[in-house]
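> Chains as they are written, first to last, in this note's numbering: chain A, 1 to 253; chain B, 254 to 513.
FYI, nobody ran anything at the bench for these hints, they're computed from the structure.
Be aware that a few hints might be false.
To be verified - Simulated restraints, written as ranges between beta carbons of each label pair:
id	chain 1	residue 1	chain 2	residue 2	range
1	B	S390	A	R250	33 to 43 Å
2	B	G313	A	R249	15 to 25 Å
3	B	P421	A	T3	22 to 32 Å
4	A	P176	B	D449	46 to 56 Å
5	B	E488	A	V167	31 to 41 Å
6	A	A127	B	R385	30 to 40 Å
7	B	R366	A	V147	30 to 40 Å
8	B	P363	A	A127	48 to 58 Å
9	B	S390	A	P196	56 to 66 Å
10	A	V6	B	G313	31 to 41 Å
11	A	L115	B	R385	44 to 54 Å
By construction, the Cβ of each residue, glycine as well, lies at the ideal position given by its N, Cα and C atoms.
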Amino acid sequence: MTTSTVRETRTMLKRSLRHVLRSPDTIITTAVTPIAMLLLFVYVFGAAIDVGQDDYVNYLLPGILLITIASGIAYTAFRLFTDVSGGIFERFQSMPIARQAVLWGHVATSVLANLVSLTLVVLVALAMGFRSGAGVLAWLAVLGILVLFTLALTWLAVIPGLKAKSVDGVSGFSYPLIFLPFVSSAFVPTAGMPGPVRWFAENQPVTVIVDTIRNLLAQQPVGSDGWLAVAWCLGLLLVAYVAAMATYRRTTA
Amino acid sequence: MTTTPAIEITGLTKSYGDQAVLAGVDLRVAPGTIHALLGSNGAGKTTAVRILSTLLKADGGTAAVAGYEVATHPAEVRGAISLTGQFAAVDDVLTGRENLMLVAELRHLPDPRRTADELLARFGLTDAAGQRVAAYSGGMRRRLDIAMSLTGHPPVLFLDEPTTGLDPQSRTEVWRTIQELAGQGTTVLLTTQYLDEAEHLADRISILHAGRVIADGTVAELRQLLPPKRVEYVEKRPSLEEIFLAVIGHDGSDEGRARA
Chain A
1 MTTSTVRETR
11 TMLKRSLRHV
21 LRSPDTIITT
31 AVTPIAMLLL
41 FVYVFGAAID
51 VGQDDYVNYL
61 LPGILLITIA
71 SGIAYTAFRL
81 FTDVSGGIFE
91 RFQSMPIARQ
101 AVLWGHVATS
111 VLANLVSLTL
121 VVLVALAMGF
131 RSGAGVLAWL
141 AVLGILVLFT
151 LALTWLAVIP
161 GLKAKSVDGV
171 SGFSYPLIFL
181 PFVSSAFVPT
191 AGMPGPVRWF
201 AENQPVTVIV
211 DTIRNLLAQQ
221 PVGSDGWLAV
231 AWCLGLLLVA
241 YVAAMATYRR
251 TTA
Chain B
254 MTTTPAIEIT
264 GLTKSYGDQA
274 VLAGVDLRVA
284 PGTIHALLGS
294 NGAGKTTAVR
304 ILSTLLKADG
314 GTAAVAGYEV
324 ATHPAEVRGA
334 ISLTGQFAAV
344 DDVLTGRENL
354 MLVAELRHLP
364 DPRRTADELL
374 ARFGLTDAAG
384 QRVAAYSGGM
394 RRRLDIAMSL
404 TGHPPVLFLD
414 EPTTGLDPQS
424 RTEVWRTIQE
434 LAGQGTTVLL
444 TTQYLDEAEH
454 LADRISILHA
464 GRVIADGTVA
474 ELRQLLPPKR
484 VEYVEKRPSL
494 EEIFLAVIGH
504 DGSDEGRARA
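One chain only, chain A, in its complex shape (with noise of 0.2 Å):
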């Protein structure tokens, strides 16, 4: 990236950062649902699942901060959206700007609001009993899973923003996202179910990628899983990007 794509890309970040600022209901929107999912399961449907260990806030938060992120990205294809079906993305496009400064200033807003919203679900975990003894490094890789899984599924929700004809088309895409941890080790061991559903759950990104975290916050060690989850997510990305842009340079001609 030259200097002058660099500064367009941080406008365009302010730009839609202010967007987030003045309505900070998609932050909370974006934390509630995941939110009372952890209240849910940890005091409704926990005493029932049994995980192997005591405390099923510990087990749970990984998935539901997958879950978290994945709702929030609907944000991001929701102000891409606005800005194409506005008109204001055209004055963008015919601007001399780095075109892609359009594209990352959106998704740089959406790292930033889903980071937000994960603290908000952390802190909320904290209060029930969350604990980790996890040192800096753990934590830091945590993070480092957590904003490259954003960032994939951000670039995947740029394609629907792009293209969507109406917003429910836009909102629409995320559903399927927010359920794939249900069939994974999110909320319960994969052994335990029958065998189609244990070979899909075994076999998708959502579960290494909770183990992982899983793994990293309770100071197990990660073993070859946390490979694995860099590299779906990093795969993930790269397919993400590709289609994303793809899709892009078809709509601006």
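Fit chain B to the supplied structure of chain A, relying on the hints for placement.
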């Protein structure tokens, strides 16, 4: 005065599927003039403007703006133009001032704040500068939209149906702004479906119909295409617009809206 046309289009074609929207358009606009592209809905006006502003690729023919080919030098073209599309391209969440500062910053102007304040004053938006644009009226949005397009003094301005949906007062204001611009050397390509707008503003008019320019010239030249004048005596009645403006006490200079 340079002899390079500000806009030069030759044999421009564009189709969607097997429907030809532009079927070989030719157009030359001299620098510092107002040129109207007149046509009904679906005539291809917006398509032509989108191609000129690098938002759409043409199928055939050439288009150049400020001496740069649109197809091969889009970045240079974008450096020379500004687009005001059919729908006000403003950010509803930001204030009027923030909208202008955003464009000024993206154009790397030295003092975005001062640029924004000057434009706010010029377009009579100083009082509303700190309000979110969502609360603006249609006329204010359009004025802000045009002000954003003027940020950084681009030499060529595309205005795609700038007065569609505006009340008569706002339309008069937009007209005055456009005339001032041309007086300062900006080239304006204006699309419109209103005959009086083209007649009132444009130095030259091209009539676009079914994807082709079927007539081109000054208003006087176009008049000669019609049969010679007949003298008829008709009682002059005020138009509804004249009545409307008289009744609301509008004298055409709209107090409280400063002009440059």
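> Compare the structure with each hint and give your call.
Right, here's what the structure says about each hint:
1. A hinted range of 33 to 43 Å for the beta carbons of S390/B and R250/A is consistent with their spacing of about 36 Å.
2. At about 21 Å, the CB distance of G313/B to R249/A agrees with the hint of 15 to 25 Å.
3. Between P421/B and T3/A the C-beta distance comes to about 47 Å, which lies outside the given range of 22 to 32 Å.
4. Remark: the range hint 46 to 56 Å for P176/A to D449/B is upheld by a beta-carbon distance near 54 Å.
5. Checking the proposed 31 to 41 Å range against E488/B and V167/A shows it is violated: the Cβ atoms sit about 54 Å from each other.
6. Checked against the hint of 30 to 40 Å, the C-beta distance between A127/A and R385/B comes to roughly 36 Å, which is consistent with it.
7. The supplied range of 30 to 40 Å is met by R366/B and V147/A, whose beta-carbon atoms lie about 34 Å from each other.
8. Hint check: P363/B to A127/A, Cβ distance near 50 Å, so the stated range 48 to 58 Å holds.
9. S390/B and P196/A have their C-beta atoms about 60 Å apart, which keeps the hinted 56 to 66 Å range intact.
10. Between V6/A and G313/B, the C-beta spacing of about 38 Å keeps the proposed range 31 to 41 Å intact.
11. At about 26 Å, the beta-carbon gap between L115/A and R385/B misses the expected band of 44 to 54 Å.
Hint compliance for this structure: hints 3, 5, 11 are broken, all remaining hints hold.
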